[in-house]
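Chain order of the listed sequences is A and H. In this text, residue positions in the first sequence follow the numbering used here: the first is 1, and each later residue adds one. In this text, residue positions in the second sequence follow the numbering used here: the first is 1, and each later residue adds one.
Worth flagging that the hints you see were computed from the coordinates, not collected in a lab. All the given hints hold, so there is nothing to weed out.
Where chain H lies over chain A, by a calculated footprint (3+ residues, C-beta under 8 angstroms): (1) 44-51; (2) 103-112.
Here are some of the chain A residues that sit facing chain H, going by a computed Cβ distance under 7 angstroms: (3) Y32; (4) K93; (5) G95; (6) Y99.
No residue lacks a Cβ here, since even glycine has one placed at the ideal position from N, Cα and C.
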Amino acid sequence: GESVGLHLPTLSVQEGDNSIINCAYSNSASDYFIWYKQESGKGPQFIIDIRSNMDKRQGQRVTVLLNKTVKHLSLQIAATQPGDSAVYFCAEKRGGGSYIPTFGRGTSLIVHP
Amino acid sequence: GAGVSQSPSNKVTEKGKDVELRCDPISGHTALYWYRQSLGQGLEFLIYFQGNSAPDKSGLPSDRFSAERTGGSVSTLTIQRTQQEDSAVYLCASSSGTSIYNEQFFGPGTRLTVL
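Taking the hints into account, I'd like the entire structure generated from these sequences.
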């Protein structure tokens, strides 16, 4: 069936490094993609999104890249900080019906001071 | 302003008991979602409410699970005859509309442990 998944379950980086978290999706009909950050004991929090008619979108220290050809999504975090330590989820939504997002499994980002 | 709140934050119960989990969405949000998150896993969709429309129950794993949303606001997720595999974090989210681009705001979750 259709699915959204992540390549790496855990990513460890040093403070100040750039981090890249990847996500593969299999539904070419997906219209909208979202990255969430979930800190321990909290619910997921929206970070950044991208529509299917775009291939790049930038926020504050974060960039999302979308490659529809290979159905790949990535989240880049610049100058990673200890406060960035969390689990990151990608999610996808399809238009034309119920807009219930499908979430990937998540990647745990660990930032070492 | 106030975000999505859930209660209790933690619930420990014995196998076979019924539990009720509560979600208070952001005031004015018409859409409400319940998800289940097992350890090390992503979010599993359970049920979706939108305004006065019939809820989308397609994600409920069994007939032991049910949910209500009273007055278009507070929602209660009920699990009857709990099993150990029901142990998970139950997350609620709300959003302001039906657009695909409407952001979901999540509550902190209820951690359910079934002994």
